[in-house]
Amino acid sequence: MDLVNNAGLMPIRPMAEVNTDEWDAMIDINLKGVLYGIAATLPMFLGRSSGHVINISSVAGTKVFSPGGTVYSGTKFAVSAISEGLRHLGGAAP
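Note that the working numbering numbers the sequence shown so that position 87 is 87, with each residue one more than the last.
Think of the hints as simulated: they come from the structure by calculation, not from any bench. Heads up, a few of these hints could be off.
As the list claims (entries may be wrong) - Computed beta-carbon distance windows for the label pairs: (1) VAL64 x ALA25: 15 to 25 Å; (2) ALA7 x THR62: 15 to 25 Å; (3) PRO67 x ASP21: 10 to 20 Å.
To be verified - Below, computed lysine to any residue pairings styled on SDA-like, alpha-carbon distance capped at 25 Å: (4) LYS32 x ASN19; (5) LYS32 x PRO11; (6) LYS63 x ASP2; (7) LYS32 x GLY47; (8) LYS63 x GLY47; (9) LYS32 x ALA78; (10) LYS63 x MET1; (11) LYS63 x ASP24; (12) LYS63 x VAL53; (13) LYS32 x LEU9; (14) LYS32 x SER66.
We treat Cβ as the ideally placed atom computed from N, Cα and C, and that holds for glycine.
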């Protein structure tokens, strides 16, 4: 059994417009969605010592897309960090 986390919301808006509703939506989908998917499957994977989690991020998770995608980039940087931490848990090479 494997999990592919592939969801994302990317409103294009400069941070200066301070649209916190959009920020919340991006965090809920792009970050919490990944975490909740992992939470739903990780206990099973650990219980049988088998399983793969594939988190889809973005090039915006390695280079900030600004001015319109700053918060989006932040969520995708976080997906990369979570993925790296999860690899450490599984003992896989980085």
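- Hints broken by the structure, by number, lowest first? 6, 8 and 10
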